[in-house]
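Please work from the sequences and hints to get the whole structure.
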Amino acid sequence: MEDMIFYDRLQFAFTITFHYIFPQLTMGLSLIIVYFKGKYLIKKVERYNDIAKFLMRIFAVNFTMGVITGIPMEFQFGTNWAKFSELTGSIIGQTLAMEGLFSFFLESSFLALFIFGEKLMGQKLHFLTGFLVFLGSWGSGWFILATNAWMQHPVGYEILDNGKFVLENFSSLFSNPWLLPAFLHNQFASVVTSSFVVASIGAFYILRNKNLEYGKLLLKTGVVFGLVSSILLAFPTGDWNAKNVAKYQPASFAAMEGIFETEEAGAEIILIGQPNMVEKKLDNKIAVPNILSFLTYQKWDKQIPGMDKFSPEELPDNIPALYYSYHIMVGLGTIFIGIMGLAGFFLWRRKLFDMKPLLWFIMFLVPFPYIANITGWYVAELGRQPYLVYGLLKTSEGISPTVSSGNTLFTLLGFVAIYLLLGLLFLILVGKTIHQGPKHQTH
Amino acid sequence: MEIFWFIIIAIVLIVFFVLDGYDFGAGIIHLFYAKTEKDKEVIVKSAGLFWDSNEVWLVAAGGMLFMAFPTFYASVFSGFYLPLMIVLWLVIFRAIGLELRGQFDYEMWKDIWDKAFGVSSFLLALFFGIALGNMVRGVNLGGVENGLSTYEAHYFFLPLWSSNFSPLNESPGVIDWFTIIIGLITLVTLAIHGANWIILKTNASINNQLKTVILRLNIALSILTVFSLMVWQTINPNSLDNFMESPYLIIFPIIYISGLMGLFFIKKLKKDIYGFVCSTLLILGGISSSLASIFPAMLPSNNTVNESLTIYNTAAPEYGLSVALNWGIIGFILLFIYVIIQKRLMGGKIDTMDYGH
Numbered sequence: 001m002e003d004m005i006f007y008d009r010l011q012f013a014f015t016i017t018f019h020y021i022f023p024q025l026t027m028g029l030s031l032i033i034v035y036f037k038g039k040y041l042i043k044k045v046e047r048y049n050d051i052a053k054f055l056m057r058i059f060a061v062n063f064t065m066g067v068i069t070g071i072p073m074e075f076q077f078g079t080n081w082a083k084f085s086e087l088t089g090s091i092i093g094q095t096l097a098m099e100g101l102f103s104f105f106l107e108s109s110f111l112a113l114f115i116f117g118e119k120l121m122g123q124k125l126h127f128l129t130g131f132l133v134f135l136g137s138w139g140s141g142w143f144i145l146a147t148n149a150w151m152q153h154p155v156g157y158e159i160l161d162n163g164k165f166v167l168e169n170f171s172s173l174f175s176n177p178w179l180l181p182a183f184l185h186n187q188f189a190s191v192v193t194s195s196f197v198v199a200s201i202g203a204f205y206i207l208r209n210k211n212l213e214y215g216k217l218l219l220k221t222g223v224v225f226g227l228v229s230s231i232l233l234a235f236p237t238g239d240w241n242a243k244n245v246a247k248y249q250p251a252s253f254a255a256m257e258g259i260f261e262t263e264e265a266g267a268e269i270i271l272i273g274q275p276n277m278v279e280k281k282l283d284n285k286i287a288v289p290n291i292l293s294f295l296t297y298q299k300w301d302k303q304i305p306g307m308d309k310f311s312p313e314e315l316p317d318n319i320p321a322l323y324y325s326y327h328i329m330v331g332l333g334t335i336f337i338g339i340m341g342l343a344g345f346f347l348w349r350r351k352l353f354d355m356k357p358l359l360w361f362i363m364f365l366v367p368f369p370y371i372a373n374i375t376g377w378y379v380a381e382l383g384r385q386p387y388l389v390y391g392l393l394k395t396s397e398g399i400s401p402t403v404s405s406g407n408t409l410f411t412l413l414g415f416v417a418i419y420l421l422l423g424l425l426f427l428i429l430v431g432k433t434i435h436q437g438p439k440h441q442t443h
Numbered sequence: 444m445e446i447f448w449f450i451i452i453a454i455v456l457i458v459f460f461v462l463d464g465y466d467f468g469a470g471i472i473h474l475f476y477a478k479t480e481k482d483k484e485v486i487v488k489s490a491g492l493f494w495d496s497n498e499v500w501l502v503a504a505g506g507m508l509f510m511a512f513p514t515f516y517a518s519v520f521s522g523f524y525l526p527l528m529i530v531l532w533l534v535i536f537r538a539i540g541l542e543l544r545g546q547f548d549y550e551m552w553k554d555i556w557d558k559a560f561g562v563s564s565f566l567l568a569l570f571f572g573i574a575l576g577n578m579v580r581g582v583n584l585g586g587v588e589n590g591l592s593t594y595e596a597h598y599f600f601l602p603l604w605s606s607n608f609s610p611l612n613e614s615p616g617v618i619d620w621f622t623i624i625i626g627l628i629t630l631v632t633l634a635i636h637g638a639n640w641i642i643l644k645t646n647a648s649i650n651n652q653l654k655t656v657i658l659r660l661n662i663a664l665s666i667l668t669v670f671s672l673m674v675w676q677t678i679n680p681n682s683l684d685n686f687m688e689s690p691y692l693i694i695f696p697i698i699y700i701s702g703l704m705g706l707f708f709i710k711k712l713k714k715d716i717y718g719f720v721c722s723t724l725l726i727l728g729g730i731s732s733s734l735a736s737i738f739p740a741m742l743p744s745n746n747t748v749n750e751s752l753t754i755y756n757t758a759a760p761e762y763g764l765s766v767a768l769n770w771g772i773i774g775f776i777l778l779f780i781y782v783i784i785q786k787r788l789m790g791g792k793i794d795t796m797d798y799g800h
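In order, the protein sequences belong to chains A and B. Quick note: the first sequence uses this note's numbering, first residue 1, plus one each step. Quick note: the second sequence uses this note's numbering, first residue 444, plus one each step.
To be clear, the hints were calculated from the coordinates, so they are not data collected in a lab. For glycine and all other residues, C-beta sits at the position ideal for the given N, C-alpha and C.
These stretches of chain A come out as covered by chain B in the derived footprint (C-beta under 8 angstroms, 3 or more residues):
1) 75-82
2) 97-103
3) 112-126
4) 156-169
5) 393-403
6) 425-436
Here are a few chain A residues that sit away from chain B, every Cβ distance over 10 angstroms (derived from the structure):
7) PRO236
8) ASN318
9) ALA321
Pairwise CB distance ranges, derived in the manner of DEER restraints:
10) B:SER648 to A:LYS432: 25 to 35 angstroms
11) A:ALA265 to B:ILE772: 51 to 61 angstroms
12) B:ILE772 to A:GLU158: 23 to 33 angstroms
13) A:ALA13 to B:ASN651: 45 to 55 angstroms
14) A:TRP360 to B:SER648: 49 to 59 angstroms
Shown next, in the form of structure tokens:
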């Protein structure tokens, strides 16, 4: 039984981590594409249009990857988490089916039209198709986050005698207090990833002295979008989410912040340290007193319950992983504000394009927003443990009763192999698109 | 309300097989009949332009099945664990082939990915048919051994095959000689459908030859169909009861037969689209007849201990289903509009079309 749960979780973690490389780029990138296309409509400078179409080619590669790695996610609800699907399907099936019907069709239909139909439609309709792709892609995010929000903080349900969750109030799925902060945080994080990618491509072109005018435009836009979104990510949305965790999942809050013992007069904020689960303390700790209480409750001496206040069954089952994920996310987020602030400053002083070391730095920064996004999701998912539906349904109660661990390990190995191939394909396709660069077409 | 959602999901699933079916079929034809580089390229293009928007229909069908019949979703997806995972890998592998092929202009490179695309299309068509065969044949629900259930009544787990590949075993496997027959029927049907698609959408040099191919495949299909009905009668003597009780259901087999008959005249048809319509009727009639014959069951139980999974005992409660109906209607109207817009703008032959890049 233990190893069944282990392999089911490992397979889901692996496949969702790989999957989320792609949507996090497409959601943010669709916004930037709409921006460029809109600017072209207003200013009539061809360069903006070329960039919009260039970015949509990168979008299309990522969208394809998102589709083929997304189907296994939907399937796994049934294949590996059958009991969970049986018990909660009448609720989370609503939001998942809505994603398919409202967002996915919208995104895929109009993506094809955007790429193939510019000449047929004219510029205004072409802008509209771009906007609909954006709407579909953010709509997807909204429905997936609504599903996750229900698992984090279940609302509008009733539990029958046979253990099944049934929907009692449809609209509460969308007025869930967990949803809006999580959605906004997730979307801004996605904008961070895509603006870092855009800035990085721009820096690459400038450093290579190729596609120079396009490069400058990409870099400039990437830096502005990157700066604004990294700030919004920390405040207000990051702050808002942390307060939600403190309120609805206090045990997870203590674990992710690394507070082993409750302090009477205000909790400190941990900057660095390694959780020592044997002695129940942090090794090599560097912390600032009372800041956590202030950040969470705006009161310096407000008591925040530490892990000692909770029984082991209530605490997440992998505290070090949760703690590190959280601190990596927050640490990277802070660094992003710093770097984009610096780049923004030089942009304002009109010196950015000559700052070679900074451009190199921006170019190589690309993996880090991906890491921050994915660790952010690890915080949400590890923090919810040991539950699938917080406080109500344990993860161990959700797995498929008939699928043995041997079968799951077999399919996990299969996914590892095929995703390796897929990852190579992705790099080839994106690399080739970037190498070709934006093209100007004469009409 | 259950019946309503059952019909909607069946329609979405049929649309998926009609749409993605032609690009599976194009893959099968590509594997066996495309010889020149120009033909290969144009066939891959005819499938490659649309495959991801076609697969969205599968995702939509999955989502709705999950919402409306959660117990069925849970039972079937975990019970058919291995074949489903293999289908997923094939879907991914096929996509890799389609997307990678054109990236380098290098013969060996193209050959490798052509084969990946062709072989995975072939296997997918076969596996989808085997899946349909399993649904019609039924499974050992509850994993009954010696009259006792090993699992909860609505769960099961199917091995890929049992030792003698017989559908008459107490616990038959996924692949037995009955499901293989249904698999072959699906394979042939989709090959015909794909050939029709290629004729409709391209100017490939093999288009005339393909009409002969369709004719031959159609003869094979007729024989397989009759054969499968006989086999099915042996396995399940009650298989035609639904049609006896509700004679109007005969419309579904008639749709299938009219598609089959129509294709015998493939060379005389005035427009290419008629051939495509005939193979669409085959898919529509084939799936709907299969579903109608086991209704209201969606997965029959082949033991006497546990009852079949039906649309009634696996459905979500009334409230959820009726709320979903409200947003479902809006969603389908929108979807209908997208499809019209898309088809109007993207009609015509693929190879003569200028997509502006």
